[in-house]
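Asks: Given these sequences and hints, build the entire structure.
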Amino acid sequence: MINIKLTDQELSPSECEQLILDDQAGGHVVFIGTVRNHTSSKTVKYLDFEAYGPMAEKEMHKIAAAAKDRYDILHIVIHHRTGKLAIGEIPVIIAVSSAHRKAAFEACEFCIDTLKETVPIWKKEYFEDGEVWVAAHP
Amino acid sequence: MINIKLTDQELSPSECEQLILDDQAGGHVVFIGTVRNHTSSKTVKYLDFEAYGPMAEKEMHKIAAAAKDRYDILHIVIHHRTGKLAIGEIPVIIAVSSAHRKAAFEACEFCIDTLKETVPIWKKEYFEDGEVWVAAHP
Amino acid sequence: MKIDLLAFGIAKDILGYTQSSYMVEHSISIADLKKQLSNQFPSFEKLSKFDIAVNQEYQSDDFELSENDEVAIIPPVSGG
Amino acid sequence: MKIDLLAFGIAKDILGYTQSSYMVEHSISIADLKKQLSNQFPSFEKLSKFDIAVNQEYQSDDFELSENDEVAIIPPVSGG
Numbered sequence: 026m027i028n029i030k031l032t033d034q035e036l037s038p039s040e041c042e043q044l045i046l047d048d049q050a051g052g053h054v055v056f057i058g059t060v061r062n063h064t065s066s067k068t069v070k071y072l073d074f075e076a077y078g079p080m081a082e083k084e085m086h087k088i089a090a091a092a093k094d095r096y097d098i099l100h101i102v103i104h105h106r107t108g109k110l111a112i113g114e115i116p117v118i119i120a121v122s123s124a125h126r127k128a129a130f131e132a133c134e135f136c137i138d139t140l141k142e143t144v145p146i147w148k149k150e151y152f153e154d155g156e157v158w159v160a161a162h163p
Numbered sequence: 026m027i028n029i030k031l032t033d034q035e036l037s038p039s040e041c042e043q044l045i046l047d048d049q050a051g052g053h054v055v056f057i058g059t060v061r062n063h064t065s066s067k068t069v070k071y072l073d074f075e076a077y078g079p080m081a082e083k084e085m086h087k088i089a090a091a092a093k094d095r096y097d098i099l100h101i102v103i104h105h106r107t108g109k110l111a112i113g114e115i116p117v118i119i120a121v122s123s124a125h126r127k128a129a130f131e132a133c134e135f136c137i138d139t140l141k142e143t144v145p146i147w148k149k150e151y152f153e154d155g156e157v158w159v160a161a162h163p
Numbered sequence: 503m504k505i506d507l508l509a510f511g512i513a514k515d516i517l518g519y520t521q522s523s524y525m526v527e528h529s530i531s532i533a534d535l536k537k538q539l540s541n542q543f544p545s546f547e548k549l550s551k552f553d554i555a556v557n558q559e560y561q562s563d564d565f566e567l568s569e570n571d572e573v574a575i576i577p578p579v580s581g582g
Numbered sequence: 503m504k505i506d507l508l509a510f511g512i513a514k515d516i517l518g519y520t521q522s523s524y525m526v527e528h529s530i531s532i533a534d535l536k537k538q539l540s541n542q543f544p545s546f547e548k549l550s551k552f553d554i555a556v557n558q559e560y561q562s563d564d565f566e567l568s569e570n571d572e573v574a575i576i577p578p579v580s581g582g
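The listed protein sequences derive, respectively, from chains A, B, C and D. Just so you know, the first sequence maps onto residues 26 to 163 in our numbering. Just so you know, the second sequence maps onto residues 26 to 163 in our numbering. Just so you know, the third sequence maps onto residues 503 to 582 in our numbering. Just so you know, the fourth sequence maps onto residues 503 to 582 in our numbering.
What the hints contain is simulated information worked out from the structure, not anything from laboratory work. Model, not experiment: these values are computed from the prediction. Don't take each hint at face value.
When the alpha-carbon atoms are kept at most 30 Å apart in a straight line, the in silico DSS-like pairs for lysine-lysine are as follows [what the hints assert, rightly or not]: (1) Lys109(B) <-> Lys30(B); (2) Lys514(D) <-> Lys548(D); (3) Lys70(A) <-> Lys548(C); (4) Lys109(B) <-> Lys548(D); (5) Lys109(B) <-> Lys141(B); (6) Lys551(C) <-> Lys149(A); (7) Lys127(A) <-> Lys70(A); (8) Lys30(B) <-> Lys514(D); (9) Lys30(B) <-> Lys70(B); (10) Lys109(B) <-> Lys504(D); (11) Lys149(B) <-> Lys70(A); (12) Lys127(B) <-> Lys70(B); (13) Lys83(A) <-> Lys127(A); (14) Lys537(C) <-> Lys109(A); (15) Lys514(C) <-> Lys537(C); (16) Lys548(D) <-> Lys141(B).
Replies: Structure below.
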């Protein structure tokens, strides 16, 4: 099962964990990304995530499908949030279940690594003294 | 922070996730083990986990300390349950937070791999027609 | 011919809009569109890179655009 | 001398008890204790392996036991 969600509502780790449950699964690996309070030495006040919605959902689906092709996994959930997020809030959750745990670890890491390279979502960091689109400039 | 628990009560992924939260963390990786409904071709009815309690807690603590030495992580939680567990129930949760996600993935996998090798806990599988101590015989 | 140009992240700030009709020559390649945009808006050259998606799929430099394509400027992504 | 012998998992089934006083010669090594147990209970030889923990720490074959040590028989673990 593949479950993809792009939403401006709060993400729920419990919801993602429920979605991947399977009596045949022995391993469940969950990655929860949270907003850190600093980038290099600057203090971050909050972040704003913008997405090219329809394409972002397609790319998230492609990543999940690629993971199911490459690894022996049962279910995979990729949820990403958009909009303004405070420190500690969750922009992304990836949850994977498999019969044997190694595949779930590998697939989960593959998904978050690939998501950060290909999914058209952009994050702007707001500091006390300004703001910046992350990764835009060399 | 290291948090170790060996208990005969239900384990809670949410509790473990709360324990590793940190404003400096960007990556949280959670491994949730569940009881599978089959081993090779046999149908499992339920499992019973027995632990050498004081030593199991010491070994779990050693694993967490070794993970903190080897990987750049912030917090680590290892909870293990004992007693009778039904299919789908959770015998083990490992949760790790880190500033950068790769360390959390590596540490989490290191912990579950090592736990299965060194922590004195034993599982008996109950089938329709008998029972067996897992891994006892070649 | 007319394409539907979308801009996100810093590209939206550079262009000053999110979505607009944009006139290009017939069957223009993505390489040429990128050149045209960089000439018109030199800020694009200061980015780490930028990609182009056509009808919500990444396309490479030799891909040729068609009338009414949905063409999105994709600056370096930073989701997750 | 007397040691406190603990048995878990299948070792408990083989010995028929979880905890008992057990007499061994003075300063016996773990290697010799394992031999003695295997002679007395041949089922131990059928296991994949078994380790010995002394006072809740794994110890190797050349470790020598002392009076009143807590000595646990650790058959192949299968937690997680």
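Asks: Compare the structure with each hint and give your call.
Replies: Right, here's what the structure says about each hint:
This hinted pair checks out: Lys109(B) and Lys30(B) have alpha carbons roughly 17 Å apart, not beyond 30 Å. Straight-line distance between C-alpha atoms of Lys514(D) and Lys548(D) comes to about 15 Å, which keeps the hinted pair within the 30 Å bound. Straight-line distance between C-alpha atoms of Lys70(A) and Lys548(C) comes to about 26 Å, which keeps the hinted pair within the 30 Å bound. With a C-alpha separation of about 26 Å, the suggested pairing of Lys109(B) with Lys548(D) holds against the 30 Å cut-off.
A C-alpha spacing of about 18 Å is found between Lys109(B) and Lys141(B), which places the hinted pair at or below 30 Å, so the restraint holds. Restraint check: the Cα-Cα separation between Lys551(C) and Lys149(A) comes to about 17 Å, which is no more than 30 Å; the hinted pair holds. Note on Lys127(A) and Lys70(A): the hinted pairing is violated, with a Cα-Cα distance of about 37 Å set against a maximum of 30 Å. Our distance criterion of 30 Å between C-alpha atoms is met by Lys30(B) and Lys514(D), whose separation comes to about 24 Å.
For a cut-off of 30 Å, the pair hint linking Lys30(B) to Lys70(B) stands: about 26 Å separates their Cα positions. At roughly 34 Å between alpha-carbon atoms, Lys109(B) and Lys504(D) are farther apart than 30 Å, so this suggested pair is violated. About 51 Å separates the Cα atoms of Lys149(B) and Lys70(A), which puts this hinted pair outside 30 Å; it is violated. For the suggested pair Lys127(B) and Lys70(B), the alpha carbons sit about 37 Å apart, so the restraint of at most 30 Å is broken.
Distance check on the hinted pair: Lys83(A) and Lys127(A) sit about 26 Å apart at the alpha-carbon level, within 30 Å; holds. Pair hint Lys537(C) plus Lys109(A) does not hold up; C-alpha atoms about 33 Å apart against a cutoff of 30 Å. Annotation: proposed proximity of Lys514(C) to Lys537(C) holds, straight-line Cα distance about 17 Å (limit 30 Å). A C-alpha spacing of about 21 Å is found between Lys548(D) and Lys141(B), which places the hinted pair at or below 30 Å, so the restraint holds.
Taken one by one, the earlier hints fail for this structure at numbers 7, 10, 11, 12 and 14, listed in ascending order.
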